[in-house]
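Undergrad: Sequence:
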Amino acid sequence: MKKVMVVGSGGSGKSTLSVWLADELHLPVYHLDRLYWKPNWVKTEKQAWVALQHSLCEETAWIIDGNYQSTLDIRLAACDTVIFLDVNRLSCIYRALKRSLISRNRHDLAEGCNERVDFGFLKFLWYYPRKSKPLLMEKLADLDHEKTLIIATSAADALQRVRQQQHGS
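Residues in the sequence shown are numbered from 13 upward in steps of one, following this note's numbering.
If you are wondering where the hints come from, they were derived from the structure by calculation, not from laboratory data.
The structure presented is a predicted model; accordingly, all values stated were derived computationally and were not measured.
Heads up, some of the hints might be wrong.
[Said to hold, decoys possible] Okay, the calculated beta carbon distance ranges per label pair: (1) L155 x A73: 14 to 24 Å; (2) V62 x Q172: 31 to 41 Å; (3) G180 x F136: 33 to 43 Å.
Built from N, CA and C at the ideal position, the CB exists for glycine as well.
Let the hints inform the model, and build the full structure from the sequences given.
TA: Following this line, the structure appears as structure tokens:
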């Protein structure tokens, strides 16, 4: 397990799991939200974003946390493990709202991007199971059989399953 992707809905625990995995596996972690967004929520230009994905994937080991459908195929081709946090939407919405009230500056967001939960984001979370998840599941169904796929219902469940795999249980 040297190149690990962590995907799932907003509020599913991707960043939390990624930090846990980085500690457990001694791998660098890259939070895509931190890399994509510039101060004041300015997006990275598409060409630069694609180039960055290729650059990250060329590294020998990593954990990459985030979805970003437009560059998902790049990471899927390069990874050896995909962890999909399949957390129910009400839990994701609750966590996103709680996070927005508690932590203004997150380690997984770029400088100058304070946590925000607006109607558009809540709508994205609500429709994730119907819109984004099926697209992701199609991609995962076509995943090379040499790659490891872990579908977990929580970050703790995913970490436990990674530990089991690492120790051959």
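Undergrad: Now tell me, hint by hint, if it's right for this structure.
TA: Outcome of the hint check:
At roughly 19 Å, the beta carbons of L155 and A73 sit within the given window of 14 to 24 Å. Remark: the range hint 31 to 41 Å for V62 to Q172 is upheld by a beta-carbon distance near 35 Å. In this structure the hint that G180 and F136 lie 33 to 43 Å apart at CB holds, the actual value being about 39 Å.
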